[in-house]
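Student: Residue-level listing of the chains:
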Amino acid sequence: MNWQVKRAIAYFAEQPRLSAQHVEGDLIRIEVEDQPDVLAVISAANEIDAATAASYQEKHPEIDFLCGYRKTCVWPGDTIAHLQRARIGWGSAGTLTSAALDGKANTASHKSYVFADRLLRQYGRVQEVSREYDRIYRIKLRSGTVIRIGMIDDYEPNADAVRSLWDDFGPVDIVWNINPNGSPSPEAVDAGTELGCEVMKWEELKERLRTA
Amino acid sequence: MTAGEIAAHLLASCGSLEQFDAYMFGSTLRGIGQDVDILVVGPRGGALFQLKRELRVAGEFLPLHILYMLPSEERRTNFIRTENCVPLGRVAATLSQVLKTEGL
Chain X
1 MNWQVKRAIA YFAEQPRLSA QHVEGDLIRI EVEDQPDVLA VISAANEIDA ATAASYQEKH
61 PEIDFLCGYR KTCVWPGDTI AHLQRARIGW GSAGTLTSAA LDGKANTASH KSYVFADRLL
121 RQYGRVQEVS REYDRIYRIK LRSGTVIRIG MIDDYEPNAD AVRSLWDDFG PVDIVWNINP
181 NGSPSPEAVD AGTELGCEVM KWEELKERLR TA
Chain C
1 MTAGEIAAHL LASCGSLEQF DAYMFGSTLR GIGQDVDILV VGPRGGALFQ LKRELRVAGE
61 FLPLHILYML PSEERRTNFI RTENCVPLGR VAATLSQVLK TEGL
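Sequences listed follow chains X and C, in order.
Going by our numbering, the residue at position 159 of the first sequence is 159; the numbering climbs one at a time, nothing skipped.
Going by our numbering, the residue at position 28 of the second sequence is 28; the numbering climbs one at a time, nothing skipped.
Rather than coming from a laboratory, the hints here were simulated on the basis of the structure.
Wrong hints could be hidden among the right ones.
[Claimed, not checked] Simulated crosslink set (DSSO-like; lysine-lysine; CA at most 27 Å straight-line):
{"id": "1", "chain 1": "X", "residue 1": "Lys6", "chain 2": "C", "residue 2": "Lys52"}
{"id": "2", "chain 1": "X", "residue 1": "Lys71", "chain 2": "C", "residue 2": "Lys52"}
{"id": "3", "chain 1": "X", "residue 1": "Lys71", "chain 2": "X", "residue 2": "Lys59"}
{"id": "4", "chain 1": "X", "residue 1": "Lys104", "chain 2": "X", "residue 2": "Lys6"}
{"id": "5", "chain 1": "X", "residue 1": "Lys111", "chain 2": "X", "residue 2": "Lys59"}
{"id": "6", "chain 1": "X", "residue 1": "Lys59", "chain 2": "X", "residue 2": "Lys206"}
Here chain X stands alone, though its shape is the one from the complex:
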């Protein structure tokens, strides 16, 4: 059994109302009290591209959820679009846990980003939303302005989180700290200034989108 499958089964065993068994390869079955079973692939990849997602789907057509076990796992936009079209949920082990308990594994998206995604799409000044990665968006405002936004879910993003986002995904105009609690460290704000972007919370972003 792969290391991530072993860890995932041990992790689910710690969760109330859940139990998990290995099926084959990276595939596990999660049994949930009062909800349907969930078939999930547990991947150890640092990034799950669309071809990998499609090959999992081909190998296990019945899967409900594709789980990137590493918290740092990156999901490109075309992978997300593919999985959503195929009605396969995607995200972290935490996302899988919540989704299995709610009986919504097939439609779940990574819980770190789901509310931020909704906020952007529902904000009236936003005309088009293009999701490049799970945490990187290019949006076009009704004014015609295009803004590239990177999201960080940390409670208090630090300078390294801002620099790593920039290094890993390229330049952004805004780093949005999407965690509803906490706020970016002064060093994170300074790092953004040095790089050429602003680091902010939703209230500031909303104002920025309103006036841009």
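Knowing the structure of chain X, use the given hints to seat chain C on it.
Tutor: Structure of chain C alone, referenced to chain X:
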């Protein structure tokens, strides 16, 4: 792998850790949890870049979740104390002590 084994593995695999203060925190210290939380405190620059490369290789079969902090960030948040972070060397020493006690 136990917390002690993970700490010993990281210290043995990542020579650049000598230039930083590294800690383990969170549920792995209690033998449970989804991932392995590591705190690295030190300056940015070439040594940090090298350390990240080493940790990426060392973490091939581990769900490492690594928080990199500047010393000023750690001082302001008092993260080590509030999160009960334990130096990696001490976590690894616990393993050595266990092995010695068991005569291994």
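Student: Each of the hints needs a verdict: does it hold here or not?
Tutor: To see whether the hints hold, each was checked on the structure:
1. X/Lys6 x C/Lys52: Measuring from Cα to Cα gives roughly 25 Å; hence the hint holds.
2. X/Lys71 x C/Lys52: 16 Å, holds
3. X/Lys71 x X/Lys59: 24 Å, holds
4. X/Lys104 x X/Lys6: 24 Å, holds
5. X/Lys111 x X/Lys59: 26 Å, holds
6. X/Lys59 x X/Lys206: Cα-Cα ~43 Å, so violated.
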